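Enquirer: For reference, the chains in residue letters:
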Amino acid sequence: MKKSGEKKRRGALLMRKLNEFKYVYLLMLPVVAFFLVFSYYPMYGIVIAFKDYRASLGILGSEWLDPLFKNFTWLFEQEYFFRAFRNTIVISLLKLVFCFPVPIILALFLAEVPFRRSRVAIQTVMYLPYFFSWAVMATIVFSMFATNTGLLNNIIAMLGAERVKFLTEARWFYLILLISENWKNAGWGTVVYVAAITNVNPELYEVAKLDGCGRFRMMWSITVPCILPIIVVMFIMQVGSLLNAGFDPIFNLYNASVYSVADILDTYVYRLGIASGEFERATALGLFKAVLNIFLLLGGNALVKKLTGSGIYE
Amino acid sequence: MKKRTLNAPKPFDYVIFAVLILFACICLYPFISMLLISFASEGDYYSSYFIVIPWHFNVDAYRFIFTQGRIHFALLESILVSVGYTFYALFLTSLGAYALSNTRMPGNRIFFIFVLITMFFGGGLIPFYLTVKGLGMIDNPLSLIIPFGVNAFYMIILRNFFRQVPKSIIESCKLDGANEVIIFFRFMLPLAKAGLITIGLFYFVDKWNDWYWPMLFIHSSDLNPLALEIRNMLSGNTAVDFSGIDLTYQKGKEAAMVVFAILPIMAIVPFCQKFLVKGIMIGSVKE
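Line order of the protein sequences matches chains A and B. Residue numbering for the first sequence follows the numbering used here, starting at 1 and increasing by one per position. Residue numbering for the second sequence follows the numbering used here, starting at 315 and increasing by one per position.
Keep in mind the hints are simulated off the structure, nothing from the lab. Computed from a predicted structure; not experimentally measured. Treat the hints with caution; some may be incorrect.
Among the chain B residues that face chain A by a calculated CB cut under 10 Å, a handful are [unchecked claim]:
1. Cys341
2. Ser347
3. Tyr363
4. Arg377
5. Phe378
6. Tyr412
7. Met419
8. Phe428
9. Asn493
10. Asp524
11. Tyr526
12. Met580
13. Ile582
14. Met595
We put the beta carbon where it would ideally sit given N, CA and C, even for glycine.
Just chain B, same shape as in the assembly (with noise of 0.2 Å):
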């Protein structure tokens, strides 16, 4: 960013603080909401005006969630679907940007050009549901796991990571002898830690907030994970029970839904966000 020496402000920077302090404002205002509203009553909802204040500190919603079964197991679900997928969908991609950061190896056009086309085409949502169904995976969270192990665009973004690795320590393991498989798991993979972790989030993330895959693939409601809950809680045919007679109320525990929804994006994004931007910055980085 541009260096300059500080002169007094002017009606220019007020305007400048202004707009950025209130875009900000507005990016943030909802999930403190929810996060009042979780904790609120619901006289206190009813009678409030711009943001809820819980005067009626109490945290019911919660203990709703924890005790209603179906939400428990829902949050459980997309943690080791979104870990277990993060891992496998890792594995998968640095295999393919590995052969495609070996610019000298015979194919590797051919190979780039086979993954480029799944970016630009493909068989569209009918003929991609059909071949997953085939499969036997209907009903079965194996199925939001499973057929995204690649996300092309990602690949992309990782082989360029690999390709920053020195040309000459590779070529030093290959003189002692070190075959590929081992430069690309003791070398490779650990050189390109920063790489990992930038796709890595970002392959958390997009299962963690998938809802969609699970609207199609997943048919019994005792197996949604926590994104299609709250998917359907919007939508009005959530299979939770809210009409149970207890305390709390309704909008309450939809927020708290919602922050538990949020909670984990909150706790990884501002912490990483220097891997997240380098990430889409080396993506874009042309040779």
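So that you can see chain A by itself, here it is in the shape it has in the complex (with noise of 0.2 Å):
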């Protein structure tokens, strides 16, 4: 009896409730459908990566492949499957190594400049290539790279050496994405750190100074044990998208005598479901990387959370 009656109190409460935000439902309403639309059909288009996809049947009419993994097996024997997975990785690990310290270093460094004007100058500056796409960035990267007129081949000529065709030649390739990748976003990178430099608490270093620190050791000693939890949230996250080596730079930076060290995942799902028209192979690919690419995130997540107490996204 007693249960009965606060069940009913509970659904009353719950009704008051959605009566109260009625308006709030109706207004996103919109952000569903477009979530459904944009988001939930796609996933459901995977299906296809199970089926002999056929336009005109639709989704639903294509027939079921016979060995449900066709395509998965048929991807597994590609060496070229291989080739970007093995190019993913290494990317990724050489963008660890190479362009993750890149902005701590310069936001460590823009905390010692004493002027705020030069400081903001400097920062202006550094923000600017983040925000121009990778297509006019390879436009530019391509102009200074070039074999002939480039500024980089003009040195190097100037010096008496050999002009180096670092555009079309394979071992170059990983040296122009890093140096692409860290002109781009090396810059604006540095945001996060910087505000996390400035919420340091100043005594610390009134007290270093008294006990005679110098400048490079309390950058050293004190900044960065104070921002290191960001820096390895950061870290974590960066670990999380190891599979996302970065479509565009690779995509506007490669061309076909470079595929043995630039094709990735990404790019190999393009070739082959946009330029050779294979759509089921193409989303089977994307389907493995995808999966991966979750346990992966899920997996950076939870450690953060362990670390901090809250996840990335909450």
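Could you use the hints to bring the two separately framed chains together as a complex?
Expert: If you want it as structure tokens, here you go:
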């Protein structure tokens, strides 16, 4: 008796709350519809990885494949698949080593600039490249590394050495990619660290100064440990996106002569699906990547939660 | 930033300044060089070493752009699509962010997870392409706008802006009999103006720079936006006829196009830097 009464009261409370927020539900309706059409319906579309997709029959009407995982077994027999997988991991790891620390160092240096005006001016210039598209960046990178007229080769030629074919030789690709990556993103990447440095307790520096600490010593023994938590979080997030080696830069910077080192999973999906029209196989590859990716992301998020008490996205 | 009494500069300061200035120059050099190339003559271009100096200053490259119908149109299309998209995306995003910010609302948590799932997992390239194709939007500039209405990450940033609006304002509105629709349009949107500007800037820049989706969705080259023209120029299959016999040279025209592509960014980013940085910081603030 008492229980049902409580239930009733709860029900009434819920009804009252639903009524209170009825207009909010109305307002969020278009957003829900948007996600259903453009995020959840494509998720349903993944089933074509297991089907013999015919556009005329639609997703539902197309036949299931006989061995259901035919597209996956095909994929795992491809030499190009392993190449793309290896390149993805290699490029991500290279970025972790050569791109991840750069914004941290730049932020530490920026904090040492005593004049506010010059600091802001430098920051403004540093942020710019982040906001240009990779198509524009690649145009500029190409013109800088070009064999006959590029700035770098002009310097090399002036020093009396032979001009280098930076853009068409596979061994130079990673160098160009990492330089471009840092050039475009390192400046903007400082934002998070600069903010973290701003929040360091100034008393720590005062005390250290009384103890006769030098500037570099303060940077190393106070600033770095104080911003270490955010560095760790950013690092884990970076590891979590190990399979996203970055479509845009590679797609704009690579060409057929460097595929052997430059082709990653994302560019392979693109060429397989859009350029060759193999929708089912490309979808299978996309699914393979998405599933691995989600484990990495959730793993990273759980780790961050354990370390800092709250996840990345809430 | 830390306050310090200024002492005489030490070697340490010089190292830091040198590194920062060098990096800033590297960031700036290519754009200045593009600008100079676009005003130079072919002779200037091939006779220069480190930076092209436009000894024979001319605007032929720009004249070419404005007499060559296609680029003209691409520029106009980019402006229309980017501006239209910004308003459309802002509208949808703010609706969703408002719902997220109502933490007392039943189902708020479910909606949050509903959104979060789309950040972690998606259908992938081909199913998304087929969805847009199925809606008959291929070869229509609307395909560059409608399917990209909400960026879940920006929505969470905007939610954090909405959360900063004092609860007392909303409560007193409710006491005065205002319903949620009125509160949203009359109070929340104006009070979260900083957030809307921030997110709007990101949306605008994203769309302005987008060459990838136009490459997939726009099949007739008459409808290419500027960013895609740049991308095509890069990969050498441009629809723009550069071969016409005129006085300008290829590099100059390319540079002039790049200058146009980066002009709005150069005009926006340095002046709105505060907003952009703040947006990212508020977005990552945790409760």
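Enquirer: Sort out which numbered hints this structure fails and list those numbers smallest first.
Expert: 4 and 5
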